[in-house]
Amino acid sequence: MSRLSRLASSVVPVYPLVGAGGRRVVEVLRSDTRVAVVSSPRHAAVLFEAGSLPPAMVEPARRVHDQIPYPRATVFCPAGSGESRLPGSVLVEPADAASAVLDTMRSLMRGERGSDPDFLLDRPPVEWKGVGPHGQGGEGMMGGKPYGRPMAAMGPDRDGLMLDAVPLTAGPFHPSLPAGLTLDVVMQGDVVQEVTVGPNPFIGAELHGDSQPHRSPIAEVENVRAQTLLRTLAHALSAAGVDSVAARLRRIALNPAEHSVRELTALSKAVFRGARWTAGGVVRLEAERLEGLGLGHVARASGLQEDPRNDISQYKDLGFEPVVRNGGDSLDRLIQMLAEAEQSMLLAQRATDESLEVGDAIDPYGASASIASSQALVRLVEDHLPGLEWGDAVTFISSLGIDLEQAAVHAVAGGRTDE
Amino acid sequence: MSEAVTQALGIPLVLSAVLVGAYAAAVMESVVAAVTAGRSVAVSAALLNPLRRTAFLLRQTTVITERPDSVGWIAATTGYVTLAVLAAGLVPLSAGTALTDFSAGIVVWGALEAMVIVMVFLRGWAPNSFLSMVGGYRFVIQAFSFELLSMFVLIAAALPARSLNISEIVLAQQGIPNLIKQPLGLPLWIVVTLGITFKGPANLSDGRDLAGGTSAESSGRDRLLWEIGPMAMLIVFSAMGATVFLGGWLGPWLPGSVWLVLKTLLVALIALAVAAAYGRLRPEGFMAASWTVLLPLAFIHLFQAGVVALL
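Top line first, the protein sequences correspond to chains A and B.
1 is the number of the first residue of the first sequence in the numbering used here; add one for each residue after it.
1 is the number of the first residue of the second sequence in the numbering used here; add one for each residue after it.
The set of hints was computed from the structure by calculation and includes no laboratory data.
Using N, Cα and C, we set each Cβ at its ideal position, and we do this for glycine too.
A few of these clues could be false.
What the hints assert, rightly or not - In silico lysine to any residue, SDA-like type, Cα no more than 25 Å apart, as pairs:
1. A:K269 - B:I190
2. A:K269 - B:A288
3. A:K269 - B:K181
4. B:K181 - B:R39
5. A:K269 - B:V293
6. A:K269 - B:A273
7. A:K269 - B:V274
8. A:K269 - B:I270
9. A:K269 - B:V31
10. A:K316 - A:N326
11. A:K269 - B:G285
12. A:K269 - B:M28
13. A:K269 - B:A289
14. A:K269 - B:S30
15. A:K269 - B:T100
16. A:K269 - B:V41
17. A:K269 - B:G38
Claimed, not checked - Here are the simulated distance ranges between beta carbons:
18. A:T33 - B:T62: 22 to 32 Å
19. A:G292 - B:L58: 23 to 33 Å
20. B:V140 - A:F119: 29 to 39 Å
21. B:A309 - A:D32: 52 to 62 Å
22. B:L262 - A:R273: 44 to 54 Å
As the list claims (entries may be wrong) - Chain A is nowhere near these chain B residues, computed Cβ spacing over 12 Å in every case:
23. D101
24. F130
25. A275
Required output: the full structure, derived from the provided sequences and hints.
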């Protein structure tokens, strides 16, 4: 192997496709320093499929695949019972996913493994007509997405610009949005004018998850809650560009039970400092509009003391009191996640023998654990995104903790498939 | 040796120095990333990672999007690196030893800074991709803010020297560096450095919210140049900061060029540490901070420098 190839194969830039159950797998992969999760498919060499792809995500996955430059390879890491994956992907086991990805990269760089071919044709579906003065198809071509290409349309006057309303689709594999979330937006410049949230692609997929009530110790429930919150917070901080703090949170989230609460508390200043300028003042949600919707940390960050654990005696015996903040903006929601993760780790450490029935009341997945509350989160997105600058839109969505897969698990359990 | 020959030899020397400096900045960045992430620092990995990235990007194909502005794309990427090299030529290694020792070197520096706006905007425009375009004009709106800062800070540094010549500015710091005489100068310069290299809180043009922004469609050799560019610019701006605030080549015992290198690395380290600690500023927040906090501070800084110079 040439020296160049040897050097090139030592660090693997990876773009993740998060399918059913894949989020956990990607989080473990991120903690391995031999792998760099990148923000654009153009920056990657390996496409990492984590979990089975729901049918609605297959076509977008093929488009992302073809955006990765040559030489490229695809690996598939199962995360449940489903095995829907892109053709030609290398099967790897979750336990040694990073090593397998590195081996794939080496064989790719050495030339032992050929580059994955394109799935889609690399030519326009319709010939360039050459009719208009600039070679375009003639007059009247404004707006929409003819043949997949967004065209600017007329919109309200913005500083003298009227022809700049562009329709776009973000997701389901956007690096800063929750897995599976698709937004059909109309942008004028970097400001969102209209938004429609696409249907949950995990509905109808083979899902990894169980919403049926069964006995579980409080410690286990609270550790899962802490893990979920820390991973969501880490994702938001990565979107804000604070990768160092995100890495520290992800390390704790691998297994919160093995870390002390003090370790997490020591990160609170770094989290605040890192998130303050990105999330401070972004979309302040009033408590009155969130009451009774079961929005978990989102509601508590706006001052509501709603928490199903309030009414459970075992939690009261452990000294549980809901953590609340009064600001209600995106920074408050992120700090709320951190505070609740600390509380969960503390409860888990105190709860040595406690066990009780798990149901919706103390499901560790918060607002995504019920159909009504996950629908309420989607409505918040559709209500508040118009008028936001794109970066603020991403920050706001990151602060909500949307988990479409968990919402689908509970929708299926509840017999609802139209979410 | 004739001046023309000296300058002809100087160009590859400056280019080499900039590339070595960019490599050093990349190594420091990975060390800072490891330390701030609470990981142990693997020195060999930190030294090899920039070379690994280079090898990978040389192997990767350079993707072209549909109907890009190809000329603009190449011009933007190479132009940004070229501006870094030209700016490096203004930084003196010792009295009168610079590739170009203009009598108004500060003014030339300002002109080069202004051209950076064109390069980054063109970089966002060229791929014919929406998120790249947003990255490009985000840089334009933020650059107008921090480049004004830069001019006030540099003029303030020139006041004690009563000259716009960069070597004279260094000589005026014999005994007391401008860091002491003008305490606001270096912190404001760090802000400018982060802005011009779009790092940390100033990374509005290439952020993850834009899936890489101006780099969203970049791969292969194009991406390699675009990774070298900001690192080169970081080291050059750090060198300028070391020159106008820390006394440049001045210092005891060691050769002047060694002092300049050490001071440059110190300024670069501070900039990288700040970049790692703070999340991306909102465009609105950046504008508000620049025009309502930083620019007034720069006015105060300039006024204070003027008073001290007059006394």
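Now the hints, each set against the structure:
Under the criterion of a C-alpha separation no larger than 25 Å, the hint pairing A:K269 with B:I190 is consistent with the structure, at around 22 Å. Proximity of A:K269 to B:A288 is assessed by CA-CA distance (about 24 Å); at most 25 Å being required, the pair is judged to hold. In summary, the hint linking A:K269 to B:K181 is not supported, as the alpha carbons are separated by about 32 Å, beyond the 25 Å threshold. For the suggested pair B:K181 and B:R39, the alpha carbons sit about 38 Å apart, so the restraint of at most 25 Å is broken.
Between A:K269 and B:V293 the CA atoms are separated by roughly 23 Å; this keeps the pair inside 25 Å, and the hint holds. With a C-alpha separation of about 16 Å, the suggested pairing of A:K269 with B:A273 holds against the 25 Å cut-off. Between the alpha carbons of A:K269 and B:V274 the distance comes to roughly 15 Å, so the proposed pair stays at or under 25 Å and holds. Taking the CA atoms of A:K269 and B:I270, the gap is about 19 Å. The hint holds against a cut of 25 Å.
A C-alpha spacing of about 21 Å is found between A:K269 and B:V31, which places the hinted pair at or below 25 Å, so the restraint holds. In summary, the hint linking A:K316 to A:N326 is supported, as the alpha carbons are separated by about 23 Å, within the 25 Å threshold. A distance of roughly 20 Å separates the Cα atoms of A:K269 and B:G285; the hinted pair therefore holds under the 25 Å criterion. Distance check on the hinted pair: A:K269 and B:M28 sit about 24 Å apart at the alpha-carbon level, within 25 Å; holds.
For the suggested pair A:K269 and B:A289, the alpha carbons sit about 21 Å apart, so the restraint of at most 25 Å is met. Between A:K269 and B:S30, the direct Cα distance comes to roughly 22 Å. Compliance with the 25 Å bound is thereby established for this hinted pair. A hinted pair counts as satisfied when its Cα atoms are at most 25 Å apart, and A:K269 with B:T100 does not qualify at roughly 46 Å. For a cut-off of 25 Å, the pair hint linking A:K269 to B:V41 stands: about 23 Å separates their Cα positions.
For the suggested pair A:K269 and B:G38, the alpha carbons sit about 15 Å apart, so the restraint of at most 25 Å is met. A hinted range of 22 to 32 Å for the beta carbons of A:T33 and B:T62 is consistent with their spacing of about 27 Å. At roughly 58 Å, the beta carbons of A:G292 and B:L58 sit outside the given window of 23 to 33 Å. Taken as a hint, the range 29 to 39 Å holds for the pair B:V140 and A:F119, whose Cβ atoms sit roughly 37 Å apart.
The hinted range of 52 to 62 Å is satisfied by B:A309 and A:D32, whose Cβ atoms lie roughly 56 Å apart. Range check, B:L262 to A:R273: about 28 Å between beta-carbon atoms, so the 44 to 54 Å window is missed. At roughly 38 Å, the least C-beta separation between B:D101 and chain A is larger than 12 Å, which holds for a residue marked as non-interface. At roughly 6 Å, the least C-beta separation between B:F130 and chain A is not larger than 12 Å, which violates its mark as non-interface.
Residue placement check: B:A275 does not keep its beta carbon more than 12 Å from all beta carbons of chain A (closest about 9 Å).
The structure fails to meet hints 3, 4, 15, 19, 22, 24 and 25 from the earlier list, while all remaining hints are met.
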